[in-house]
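Protein chains in written order, with our numbering: chain A, 1 to 341; chain B, 342 to 682; chain C, 683 to 1023; chain D, 1024 to 1364; chain E, 1365 to 1705; chain F, 1706 to 2046.
Rather than coming from a laboratory, the hints here were simulated on the basis of the structure. Remember, predicted model here, so these are calculated numbers, not experimental data. Don't be surprised by glycine CBs; every beta carbon is placed ideally from N, CA and C. Any given hint could turn out to be false.
[Stated by the list, open to error] Estimated spans, in silico, between C-beta atoms of each pair:
1. D/Asp-1240 / B/Pro-425: 52 to 58 Å
2. B/Pro-425 / F/Gly-2006: 33 to 39 Å
3. B/Pro-425 / E/Cys-1537: 36 to 42 Å
4. E/Arg-1497 / C/Gly-931: 27 to 33 Å
[As the list claims (entries may be wrong)] Which stretches of chain E does chain F cover? Using the computed rule of at least three CB atoms under 8 Å from a CB of chain F, they are:
5. 1454-1461
6. 1500-1510
7. 1596-1602
8. 1633-1643
9. 1654-1665
6 protein chains.
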Amino acid sequence: MIVDVHGHVSAPERLYAYKANVLAHRGAHGRGGVSVTDDELRSAVVDEVGASFGMSHMAHLDAAGIDLQIISPRPYQMMHSEQPAKIVQWFTEETNNMIHRCCQMFPERFAGMAGLPQTPWTEPTDWIPEMRRTVEELGFVGVLLNPDPMEGQGPPPPPLGDRHWYPIYEALCELDVPALVHSAGCKPPARENYSLHFIIEETIAVTSLLASDVRRDFPELKLIVSHAGGAVPYQVGRFMANSARDPSGETYIDKMRTLWFDTCLYTRDAIELLFKTVGIDRCLFGSEKPGTGSVRNPENGRWFDDVRLLIEDIDWLNDEDRKAIFEENAKSVFRLPAPES
Amino acid sequence: MIVDVHGHVSAPERLYAYKANVLAHRGAHGRGGVSVTDDELRSAVVDEVGASFGMSHMAHLDAAGIDLQIISPRPYQMMHSEQPAKIVQWFTEETNNMIHRCCQMFPERFAGMAGLPQTPWTEPTDWIPEMRRTVEELGFVGVLLNPDPMEGQGPPPPPLGDRHWYPIYEALCELDVPALVHSAGCKPPARENYSLHFIIEETIAVTSLLASDVRRDFPELKLIVSHAGGAVPYQVGRFMANSARDPSGETYIDKMRTLWFDTCLYTRDAIELLFKTVGIDRCLFGSEKPGTGSVRNPENGRWFDDVRLLIEDIDWLNDEDRKAIFEENAKSVFRLPAPES
Amino acid sequence: MIVDVHGHVSAPERLYAYKANVLAHRGAHGRGGVSVTDDELRSAVVDEVGASFGMSHMAHLDAAGIDLQIISPRPYQMMHSEQPAKIVQWFTEETNNMIHRCCQMFPERFAGMAGLPQTPWTEPTDWIPEMRRTVEELGFVGVLLNPDPMEGQGPPPPPLGDRHWYPIYEALCELDVPALVHSAGCKPPARENYSLHFIIEETIAVTSLLASDVRRDFPELKLIVSHAGGAVPYQVGRFMANSARDPSGETYIDKMRTLWFDTCLYTRDAIELLFKTVGIDRCLFGSEKPGTGSVRNPENGRWFDDVRLLIEDIDWLNDEDRKAIFEENAKSVFRLPAPES
Amino acid sequence: MIVDVHGHVSAPERLYAYKANVLAHRGAHGRGGVSVTDDELRSAVVDEVGASFGMSHMAHLDAAGIDLQIISPRPYQMMHSEQPAKIVQWFTEETNNMIHRCCQMFPERFAGMAGLPQTPWTEPTDWIPEMRRTVEELGFVGVLLNPDPMEGQGPPPPPLGDRHWYPIYEALCELDVPALVHSAGCKPPARENYSLHFIIEETIAVTSLLASDVRRDFPELKLIVSHAGGAVPYQVGRFMANSARDPSGETYIDKMRTLWFDTCLYTRDAIELLFKTVGIDRCLFGSEKPGTGSVRNPENGRWFDDVRLLIEDIDWLNDEDRKAIFEENAKSVFRLPAPES
Amino acid sequence: MIVDVHGHVSAPERLYAYKANVLAHRGAHGRGGVSVTDDELRSAVVDEVGASFGMSHMAHLDAAGIDLQIISPRPYQMMHSEQPAKIVQWFTEETNNMIHRCCQMFPERFAGMAGLPQTPWTEPTDWIPEMRRTVEELGFVGVLLNPDPMEGQGPPPPPLGDRHWYPIYEALCELDVPALVHSAGCKPPARENYSLHFIIEETIAVTSLLASDVRRDFPELKLIVSHAGGAVPYQVGRFMANSARDPSGETYIDKMRTLWFDTCLYTRDAIELLFKTVGIDRCLFGSEKPGTGSVRNPENGRWFDDVRLLIEDIDWLNDEDRKAIFEENAKSVFRLPAPES
Amino acid sequence: MIVDVHGHVSAPERLYAYKANVLAHRGAHGRGGVSVTDDELRSAVVDEVGASFGMSHMAHLDAAGIDLQIISPRPYQMMHSEQPAKIVQWFTEETNNMIHRCCQMFPERFAGMAGLPQTPWTEPTDWIPEMRRTVEELGFVGVLLNPDPMEGQGPPPPPLGDRHWYPIYEALCELDVPALVHSAGCKPPARENYSLHFIIEETIAVTSLLASDVRRDFPELKLIVSHAGGAVPYQVGRFMANSARDPSGETYIDKMRTLWFDTCLYTRDAIELLFKTVGIDRCLFGSEKPGTGSVRNPENGRWFDDVRLLIEDIDWLNDEDRKAIFEENAKSVFRLPAPES
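Starting from the given sequences, assemble the full structure and let the hints guide the process.
Below, the structure written as structure tokens:
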């Protein structure tokens, strides 16, 4: 069984038309909602006509051999920095509901991961009811955690190592679900686009968390870092050297191994570096498929985001390693729905 | 012969006491200067007593087998965002002068790379006289280029792909010297410290440059990216996938290979990834030694920043590869001083 | 023949999903475009299923006896204050193109009025190419002019009487088309929603224009004020009194009659006040139908925005008056397409 | 008997020289005060020489047949946004004292309405002692309430429907006096002058109040909206349509009728619209005389602000209606002083 | 003959009521003007009743033996930082006109010194027409120069040594009149009141001017520093010491003696210090009478601002010294009107 | 015995190199510390080679006949406005420790006065632990108090008369030590350099304190104003006049005499003015030697800052006066260490 912990929902365009509308009326028309038929929903997942990524979401999963994918909102659509906060709340709820319906429609193929109604204008405690609703009522298995609800517009928020975020960590522990650390939109005046912002935010997230007391204060907390940890595994020597000055004797690798990392990288060499750096037992198969990487590599005809093939290619992995990466590690981190018997 | 393209000057403390003083009087005491005797200067390079990094700068070079190191200002000391601009100018000049004296004192071991008096309060054209002075009068072989003179305080400056920077690129081409892209200080409210800011700025620098017209408008321009390109080689699959959508057919690797990268990473796996990603011919040996990595790895007793050993360990490199990395590539990028015969 | 000068396009949801998408990627995915089939387009205009306003756009026109409607972008969707400016440009072009296709599909029922790519980050001269394209190439008969591209976020832009806007007025005169003064979105921290912002902006627009040299500097300029002039006709006594202090002898009513006003009010008493205040010859039938007023009045079962009935009810109007309001005035202000014979 | 609920005090110039002085010394000279003799005070009310508005205040009242006028501070002089807050307090007190002396001098012609020391730098609870002093000690019958102590400089204050204002509403209910909603000064960068700012603020005030819980939380609260409600009665159809979507069944007219409106409009048609829209029982005669409208209409020689004549002209009003407008409604809203017998 | 170079006009309260009014309407009522009769004007100068400073302005001059006083606007009333700039222009013109009328009414007792319409929103060149009007048309003998039109609200303006001010210096030289350096109002958030702001601004003015090229670029420029130079003569040792490090050999006293200083200090010891520090030939009698110092000293019954007595008390001055201070120096700096013969 | 209450430590350059370093790494390298040998420390005090001020600190004291000097941090080096606050804390502690070692090395010549870790980002209560440590553990006899931790960058802090500062006053009273009011650095955009900023801040400090309740709320508080009170003694007449309007009968001189003043002025005339103004019993000998005034007066060969000679020159002082100034007053304000017998 292959479990992909990093997927994003393929929702009908009506969801985004709804978003455009609440952004336009800023709440003046009331909450409203997204009316989508089951056919439209199914079409957004399985239809080849008009598929954004060359073929349908389901075709991607099938082609890549992914049995179960954990799907969350498309991060770049999340609009955390918009005002008033209620429109962020509404759109987040609608998106989570759409994920829920997808999971219900394809219960063996999808499990839900919630977006949170994070905004700079609300407090972490304000985001917890939606976390609770999605986990307790909708059966979601995790949440996205965006380290930058400012969406790249300064001043920066407190880093993830700051006590500002503790209410979220407490709720995650109480509900016993992991969070996938993943930033969302990014607006001017930032120089980077949202996709590069992901990488920067993950880099800051890892370094901030590992410089903090979070791992001691929340030993049960499960945080997965998207995109294989941003720059950290590649630049890890800098941090190891610095950590070696620390009299505690805890190495930087020790610290990193209190986190989990997905395999969402699209070159084999990089994935190998990840495995060697943090260890196979801290890695979860993740492909973000379909998405940024859903284009065929002209050199070999493969989809760039067919991460499974890249992992299969790594000859020094044995079957146990691959089973851990593809399935077992995910099952230890997530409470996945039991397959229907 | 081993040439290290990424070193920073070990200057007497008086240089930094001078900096503290101009920061305190903000120009009210006039320019003044740093009075350092040759003995003090030599001591800062060769004395074991009081050496900041476990042993002296020269001992580090000798132990690592580095024959010639290109030394620039310590970036984190550069204070580009301070006011008034003249104190940045003064301190940059004093630092460059100190580098020059080091090079004169140890002409076979050091070559100079200039700091530029970059500030948010001055224009790129204002920074060129010091570039010209150091190259034409002091014989420096390159310059540092800081993509973020704001030192992490928003709003961000134009990215390196912007025409804002063209006067610098024109001057580099005219003087026929390369620039080492390397940010400097980083202040609150940024969440990252200066060392992580290096990585982030390099990541933004590479992606901005490769998304721009710079490589077409300045085909002769030579830019070296510090710390092996930040996050880019590790995350390169994302960019390759995106680039594959570009009808021009130019791959992201093609684009990356218009830049150079130093090897300033402190794990063998990461260095291997660099070589495999951008090709040996675009890599220059760089260790930033002594510096952040000048601590012994408790696992094997090696200095973390003994990058030469890491490269020697890579068994799939042949002698020609190593000679390219250690010497020939640097000689093709820099006009190095001829050794005295 | 009844000509409605104030209508907004009913576009397929894909247009707004496109908007949500460019707002999310901020240009990183490139311009892209909206793929809409003729069937989808037709459905958005004539389909009763899923119609936003109780019945389809075309059914509204038919029920109200509107023969020709001049349609412009839905103002509240226009997002003038977003960054970077290119996404405003793209979305404006796509919207105008959608209007053009509607006009081509129903050439006897619709004529086009363009949105302009106004932003706070661009200059009025930057907006003129799109004005020129829509009028000269697409045959549009007018443009929307938003007095507040800041969308209610301070500081306020120069008022319409300021020379800042002269390039627009020059282009309007050169192209010989009128502008409908109509603000668009409105964001926090403004206290009013977009709909009330319309009224406030129109009020400021009229008073600013009439206090300025615009009517003398551009005697040929044709500006139509939406929603019957905001508060001005109701509060006109204040302005008349003040104007009576002016030695020129020009009354405030004289000044008002250099502008045109649509009849977009949803009570008969208010429409009567408009006619009495500015004169029938300065009034153009406009209903903004379907839209804010497309709900049935529980007292009489009429649609609130069935403005034609309200005008028919006014017993002191004669046939000539009604013909002026419904048709002739519009034909004198707009160069309307000749009906196919 | 004719009661005018909207008049402003005609004070001696010394009051405004005092204001200029406190604005100049910003409190450094201490509180000081305004020394005005009874003769000077009387002169400001009855003297024809130097009268600002063509003839004296008293002559205006006599000519218009106004028996009793409720006078408050001249709003445009109120300087709510100045610093430090104590100078606003001082000037407000001096102005209220001047009003009190006018009322004592002409007890049958004037009743007092207090200005409040509102500032952006103080809290609503800080303004209540002056409300209490003027009502309880000086016998004032109402207060002005400025929805925008920022005087048009952003960011906007909370709208009147916000709980921010509840302490004021509580005090009004406790003291059983009404408030006249009336903004005051307006400064750059606002585009509108103070007089147009009145209209805009009243429009926002009505819509904000009616969209809020205020009328439910304070059923005894009496708020009178100046200038006949800004734009709302004219644009009421928009709001009625929107309200018809509300399942509660409460119409917008129902909501409006929880407020009172003065008749301070200077054209008959507009006043008729007001009466028809909100009902005669919610209208209070108000002329703001002498003031903006105190200029003769060149067409008929009448004073623009002779609102009584405009009302007399409305032929569909009967005597009872006029008595309600001119006298009875005011008496039900205000606890007016009993005439001396 | 005793000439007092530092006096401020005693104007009727109507001038300040005018100011209060333009501040209230911000230009909406048009320019208007101040209507003052000759009797009112005379009363403001000679009337004992209601005199602000214990006795009338003229009585103060007579009692102090002042024959001719140069009068300028009351600085603290100048409102340089208000918007829009035209209201500053209007009030400055009205004030200068009032000064002119005083000078015409009492031609042997008063000469005029102009206020300039300085604002942060206009450029120095915008202030010159009023300088020219007052000097060339009204016969004024000098101008006030406010180093801080921001009125204590940051950010600070360029200091007087900056080239920003050169257009003013050029005009002063061309017209051959001196400027009295004297700041005006001071608003929060500054910690000091306007009176202390005078002292601070004069201190900054002197040090900035003497550190600049102004005295070399404008050898004919005549600048008089109010209030005896702020803190500089008292603290002069600091500046002398610092200047002694300057290789030019020009002492700080030499530099100070390129400026003039008035004697506006209210203790004999301080005045003696001034004379000893800058030399009698650089001092001009100035009392600022009536004003801040117009209160009787309880110890000796003298007016604090009877500076003449303080100077008479200094026993080491001879008759020639006193004549220089009281008359000759002023005549050399100002082109005073010839007394009527 | 001559006690100089106003001296600043002459520390080895390593202290300032440490400062430059923490400013560069902003805390990323950890606290670290300054390693200085006793020889280096002694050299900074007594070595003639490389002495910044013409001769060594000790030679200055000997030449001026100063027996005991109270030394505090060099104010212009204090960097109170830097971030994060911990680097200010670290550098302040290191500086105080250096002072302590100087005092221990030369116990008969030096006593310590502490710098406080004041920053705009921390509260007064946060600064008290270091006050307590230096007084209680290190035996310091007083502290510096900087009225402007913003270092001239707006907005200004609360003035010293504000209750904001009360925790400091309470701690001073509890510990029974005086504070020397002395600002520190000054940065752009301020127009003045740090040295002039001292004078301005002292002027504001005196006037703010004397206008407040501090002297009544803290009758035991001992505040010494540096540089002889800024501008106040010279300009005292203004304040006396204003105070004479105060009905309490307390004169401004009475108020001033609740403070102490050092004699740190470099001209005899100014010192005489100080003595005459505030009285000899409120003056403490202070020279700030070596420092700004440590340059020889070319006219007489004296050091400008040889304040003792200037005082000796004042012929109207008697021996008792001089003993009070040089010794007794200091002993009454400070609890000085008893000389070893």
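Satisfaction of the hinted span 36 to 42 Å by the C-beta atoms belonging to B/Pro-425 and E/Cys-1537: violated (29 Å)
Cβ separation of E/Arg-1497 and C/Gly-931, checked against the hinted range 27 to 33 Å: holds (32 Å)
Per-stretch coverage check for the segment 1654-1665 of chain E, three Cβ contacts closer than 8 Å to chain F: Per the Cβ count (7), the hint holds.
Check of the segment 1596-1602 of chain E against chain F for coverage (Cβ-Cβ below 8 Å, three residues minimum): holds (count 6)
Annotated coverage of the segment 1500-1510 of chain E by chain F, confirmed only when three residues or more have a Cβ within 8 Å: Since 0 is below three, the answer is violated.
Coverage of the segment 1454-1461 of chain E by chain F (three or more Cβ within 8 Å): The restraint on the segment 1454-1461 of chain E is violated, since only 0 of its residues have a Cβ under 8 Å from chain F and three are required.
Given coverage of the segment 1633-1643 of chain E by chain F, tested with a Cβ cutoff of 8 Å and a minimum of 3 residues: holds (count 6)
Range agreement (Cβ of B/Pro-425 with Cβ of D/Asp-1240, hint 52 to 58 Å): holds (57 Å)
Whether the CB-CB distance between B/Pro-425 and F/Gly-2006 falls inside 33 to 39 Å: holds (35 Å)
Checked against the numbered hints given earlier, the structure breaks hints 3, 5, 6 and satisfies all the rest.
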